[in-house]
Structure formats: C-alpha cells, structure tokens
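Peer 1: Take these sequences, add in the hints, and give me the full structure.
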Amino acid sequence: MIKEESCSGTNIPLKIYGLSEKSVTITFGTTIDIDLLDLITDFNQLLLENPFSGLISTVPAYTTLTVFYDPLMVMSSDLPGEVGFEKVSAYLNNIVPTQTKKAAQVANELVIPVCYGGHFGPDLTTVALANHLTETEVIDIHTGGHYTIFMIGFVPGFAYMGGMDDRLSTPRKNVPTAKIPAGSVGIAGNQTGIYPMETPGGWQIIGRTPLKMFDVNRAQPSLLKGGDRVTFKAIDQAEFNTLLEIGI
Amino acid sequence: MKISIIKPGLLSTVQDMGRYRFLSQAVPVSGAMDELAHRLANKAVGNDDHCATIEFTYADAAFKAETPVLISYSGDGAFLVYNDELIPAEKPLFFSAGSVIKLVNNPNGVRTYLAIAGGWQVPDVMESKSTYLTAGFGGFNGRTLQKGDVLVSGADINQLSNKILNQLIGRSLTYPNWSILRDSLLPEKRKKIRVVPANEIGWFDAASILSFLTHSYTIGLRSNRMGYQLTGKPLVRKVKQELLSTAVSPGTIQVTGSGDLVILMADCQTTGGYPRIGHVAAVDLPLCAQLKPGDSIQFSEISRDEAEELYLEREHDLLLISKAINLKYTDI
Chain A
1 MIKEESCSGT NIPLKIYGLS EKSVTITFGT TIDIDLLDLI TDFNQLLLEN PFSGLISTVP
61 AYTTLTVFYD PLMVMSSDLP GEVGFEKVSA YLNNIVPTQT KKAAQVANEL VIPVCYGGHF
121 GPDLTTVALA NHLTETEVID IHTGGHYTIF MIGFVPGFAY MGGMDDRLST PRKNVPTAKI
181 PAGSVGIAGN QTGIYPMETP GGWQIIGRTP LKMFDVNRAQ PSLLKGGDRV TFKAIDQAEF
241 NTLLEIGI
Chain B
1 MKISIIKPGL LSTVQDMGRY RFLSQAVPVS GAMDELAHRL ANKAVGNDDH CATIEFTYAD
61 AAFKAETPVL ISYSGDGAFL VYNDELIPAE KPLFFSAGSV IKLVNNPNGV RTYLAIAGGW
121 QVPDVMESKS TYLTAGFGGF NGRTLQKGDV LVSGADINQL SNKILNQLIG RSLTYPNWSI
181 LRDSLLPEKR KKIRVVPANE IGWFDAASIL SFLTHSYTIG LRSNRMGYQL TGKPLVRKVK
241 QELLSTAVSP GTIQVTGSGD LVILMADCQT TGGYPRIGHV AAVDLPLCAQ LKPGDSIQFS
301 EISRDEAEEL YLEREHDLLL ISKAINLKYT DI
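Those sequence lines, one after another, are chains A and B.
For the first sequence, this note's numbering assigns the number 1 to the initial residue and increments by one for each residue that follows.
For the second sequence, this note's numbering assigns the number 1 to the initial residue and increments by one for each residue that follows.
Keep in mind that a hint or two might mislead.
Below are the EDC-like pairs computed for lysine to aspartate or glutamate, each with C-alpha atoms no more than 20 Å apart in a straight line [as the list claims (entries may be wrong)]: (1) K15(A) / E242(B); (2) K15(A) / E200(B); (3) K2(B) / E66(B).
Quick list of simulated restraints, FRET-style, between CB atoms [as the list claims (entries may be wrong)]: (4) H146(A) / A206(B): 44 to 54 Å; (5) G247(A) / E301(B): 45 to 55 Å; (6) G145(A) / D156(B): 51 to 61 Å; (7) K240(B) / T136(A): 36 to 46 Å; (8) V111(A) / K240(B): 35 to 45 Å; (9) L110(A) / R21(B): 19 to 29 Å; (10) G189(A) / K240(B): 18 to 28 Å; (11) S258(B) / P51(A): 32 to 42 Å; (12) D331(B) / G247(A): 49 to 59 Å; (13) P200(A) / S4(B): 28 to 38 Å; (14) A219(A) / P176(B): 38 to 48 Å; (15) G259(B) / T31(A): 22 to 32 Å; (16) D124(B) / G247(A): 20 to 30 Å.
Some residues of chain A that are not near chain B, with every Cβ distance over 12 Å (derived) [claimed, not checked]: (17) I12; (18) N94; (19) G144; (20) S169; (21) G247.
Since the hints were derived computationally from the structure, they do not count as laboratory data.
For each residue, glycine too, the CB sits at the ideal point set by N, CA and C.
Peer 2: This is the structure we're talking about:
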C-alpha cells in the first residue's frame, strides 16, 4: 500500500514524475478510495498553507496531486537539487501529512436541492425502466445516498462524485444531447453528476438543481471541491423557482 | 487609446499569460496560444508581459485607430498593412487617429498578437484577462471580437511606453529603426517539435515509441485552441490498464483509444484519462501554436532536464530583450 508509505512519515520518498517544465505530479495510490482522497486533501491543504517559493497552484485528482510552479523562482530558491524537478521534489518530500486531519477541516458537507423528473429530468423514466424501479423509487434511492467529491475536472466546476447506489446504474445515451442545461443532474454508468454549465452531453438527465455549480463572481467559483461530501434533496417546482430567484 | 474592429477575422479573442490559479476547479489555463509572440508584442511597446493582447487567427481582419495609438504585433498568422504598406512586426508602431490597419495573410502560421501600450482593458475574471470561449467568460465579454467592438487600452501607461510614445508621436505612421529579432529566439526547423517522454510512455510497445519519434504526423482538421488531433501511424498499447483521470497541461500529448495522438493546447481540460506519451517542450509550444491543419511535423526526444535548461535560457534571453529596450530609452 503506497498510502501507508506516505502516511507513516518515514523516509520513503513520494512517487513523483514531471508533467512539464512547470509541474510535477505526486502519485499516492492506484485505486479510487476515500482514505486516499483524504490523504491527498490533507497533503494538498498542508502544501497550500506552507507554499514553497514559486508555487502557483495544485490540482488534486483521484490518485494524484499535481503541483504547478514557476521554474525561475524555484531555481533561485535554496532548496537542494540541481534542477527544478529535484528542488520541488525535495520540498514535497518534507511534507508529512501524518495525523493533520486537514481533510476533515476543509471538507464541506452540502445538501443539493434537485427538482426531479418533468422537463427538468426528461430521462427519469429511462433510468426507472432500465432498473425495474418506479420513478419515486429512483428519487428515493438518489436522495438516500451519501456522495463524496473525488475531484473537479472535465469542465469548470464539474464534480466527479462517488457513492451512487448501483441500483441506479444506467448506460449513457447512444447519441449525446446537443444542449444540456446548467444544473442538470445526470447518471452515466454507475456515476452521478451535475452539469455546471450548458454543454452537450450523453448522461441520462433525472433532474435539475437551481444552485449555481459554477459562478465566476464567487471567491471559489466552483461550488464543490475535492473532499466535499454531498447529499441530494428533492424539491418541487415552486421551491426550485424560489431558490433560483435567491440565486445561490 | 482606443480602436474599433472593422472586420473581426475568423477567431479573435483577448488573451494574456493564462489563468493558473483555478486549475483545481477545472478552469483551463487559456491565454495566448503562442505565448512567445504575445510577450514580444508586449515588450515592443514597453508593456509588462502579462498585459492583454488580441489573438487573431489567420488574417482577413481590420481595425481602426479611434485615437492616436502605440501598438505592436508579433506572430505568423498575418502581416499588418497600412495604406498598402507592409508594417514590420516586433517593433513599436505609432498610428494617428483615423488610421485603418488591415491584417493580410501570412502563409507561415496561424496566430498573430496585437499589443497596445498599457494593455487591452477588459475586466479580470479569476485574476486573468484571458478569454475562455467554451464557458463564455474572460476577455471581451467572454466572446470573440465582433464588428463594431471598441477596445480601449489600460489607463496606466508605464514610463517606458511613455518614452517610446513621446519619441514616435507624429502625424501619421511612425516607428523606430529597432525591432526585436524574434527569429533569433526560434529554432530554424519550425516543424520539428521537441518532446519529453511522459509518464505512460512505457504503456506503448517499442515499435510505437519508435514511430512516435521517427514518423511524421499531420495536423488534423479537428484542431483548435483546446488541442490538435494528429493523423499518422496509430500507436499500439502494450499495457491495457485504465488511467484514472489526472492533471494534464498545455503541451501534454495524449494517445486516444484508437491510438491517435492529441496535443493539448491552451484551452485544454485540466484533467484527462488518456495515457500520455510525451510532453511538448515549453520552448516549442509557440511553434505548435502556429501549426495549421495539413502541416506535417516530427517529434524529437529531449530529456526533462534539457527541456528545463532550454526554458531557463529562453527566459534569460527574454529578460535581456527587455533590458536592451529599456537601455535604449534610459537617457530620454
């Protein structure tokens, strides 16, 4: 288990590879796993709170954390090493996320209101039929689940969520829909997700949230981030309209 | 300073050095595809490299100086023409109010950058002036420039720009005898792209790695600011394992399920799940920005450390250029 190596705080070096002249990627494990997510979140938070000179930003993903930096600033630092990769690696290897529990501190728990079915969720019937369920059962199962945000990717604010009940698994559409409205909640295979902006897409759309999943005017434009926990709550059209007007 | 767009051309957007601090929220880097040309255009008018420029795609565009302007351009997509006179690139150009400047075809490339003293004034969105068209934010109202758009320069013009301006100010077009020698920064062979082997290169069989580094690849029609699809000998996977989505960046060369190569460019997604065979050296990414569908390229391998060395050398050269321009105007 690679995770144990990193957690133990011993001298086993991190697995790091160069992504470009301006970035390195740390590999923490090989499978999608909540403990690994918490470890990456911990490490990321610790790094952001204690940046090295030249750190620009980081990108957490399922099993990796990528660190972007300014090579000129890194090269002028007194970190050990002859090249940028060595200097950044030396710094990263000194970060020991043992028992920091940063993940728990920075993770948010959010309830996402969704108006299921109707013209907001044109594929609710498809999902129900594919799984021999009633539409109400689909909604109950979907709102009964606890979901974990593993990473943000694909388009701005799109959250890769884990934790959907396999009873809702439905293949994606053969022909993608040209325009899926922002806020649409969909299912593809054993994943569920929310479209943060209007894009084409092949997911089965079961409902829509009035929340703005991505808003350039917020300090954190993406509503969700890696490590967050989410549940869904069914709302009716009137509540949807009210929340939309409030504009969260 | 102010200009109006008479003819917008194929795809004209306001760009800067990109948006790096929101990658974790899947906001792409964006920014100038040819960052070198963007920076040289800025340097020629005395700007900081981070000032916004207009990125024109090919030619067939025109604009009018609504006030006297101090501008410059760089890149390979177009030449600037004024009164049927070809205007030199990479040098400061003073135009009086009312001048109409056209962009005519330059067969060498695709993208041309227009800088103005003080930079183009558009609101910062997530700390950058770059346009990201897919989500419709940044730049000029999150969109491509259209006929009739009026663009203004930033109010704060630095001391160097002011000195350049004061020396050139006149009745019509004036420019100095100096220019930045862009060619001296670029390799002779513009279709030879240096690449660093990527993390999953070992997932491909030896014959495929060899053909990646020896065969020619052609830029496909489906190529844009997000990335270029290449046509050529498909690569064969030795390791069939799935790659869990992880960070990618402009310059990353992915291999799709069918074995085809894709070079990710400025507007690429922040994460990807295709195995990566290489990464374009940062110093050669501007060359990629000037490639057009049908162009044939070849990759050559360099090490990670060599790529970094080239990058640091390039930055050093760019610093020297800035110093040299400053020196020209120290006693004025």
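Peer 1: Does each hint fit the structure? Answer for all of them.
Peer 2: To see whether the hints hold, each was checked on the structure:
no.: 1; hint: K15(A) / E242(B); verdict: 19 Å, holds
no.: 2; hint: K15(A) / E200(B); verdict: 14 Å, holds
no.: 3; hint: K2(B) / E66(B); verdict: 5 Å, holds
no.: 4; hint: H146(A) / A206(B): 44 to 54 Å; verdict: 47 Å, holds
no.: 5; hint: G247(A) / E301(B): 45 to 55 Å; verdict: 52 Å, holds
no.: 6; hint: G145(A) / D156(B): 51 to 61 Å; verdict: 53 Å, holds
no.: 7; hint: K240(B) / T136(A): 36 to 46 Å; verdict: 41 Å, holds
no.: 8; hint: V111(A) / K240(B): 35 to 45 Å; verdict: 40 Å, holds
no.: 9; hint: L110(A) / R21(B): 19 to 29 Å; verdict: 23 Å, holds
no.: 10; hint: G189(A) / K240(B): 18 to 28 Å; verdict: 19 Å, holds
no.: 11; hint: S258(B) / P51(A): 32 to 42 Å; verdict: 41 Å, holds
no.: 12; hint: D331(B) / G247(A): 49 to 59 Å; verdict: 57 Å, holds
no.: 13; hint: P200(A) / S4(B): 28 to 38 Å; verdict: 34 Å, holds
no.: 14; hint: A219(A) / P176(B): 38 to 48 Å; verdict: 45 Å, holds
no.: 15; hint: G259(B) / T31(A): 22 to 32 Å; verdict: 26 Å, holds
no.: 16; hint: D124(B) / G247(A): 20 to 30 Å; verdict: 22 Å, holds
no.: 17; hint: I12; verdict: 20 Å, holds
no.: 18; hint: N94; verdict: 21 Å, holds
no.: 19; hint: G144; verdict: 27 Å, holds
no.: 20; hint: S169; verdict: 18 Å, holds
no.: 21; hint: G247; verdict: 17 Å, holds
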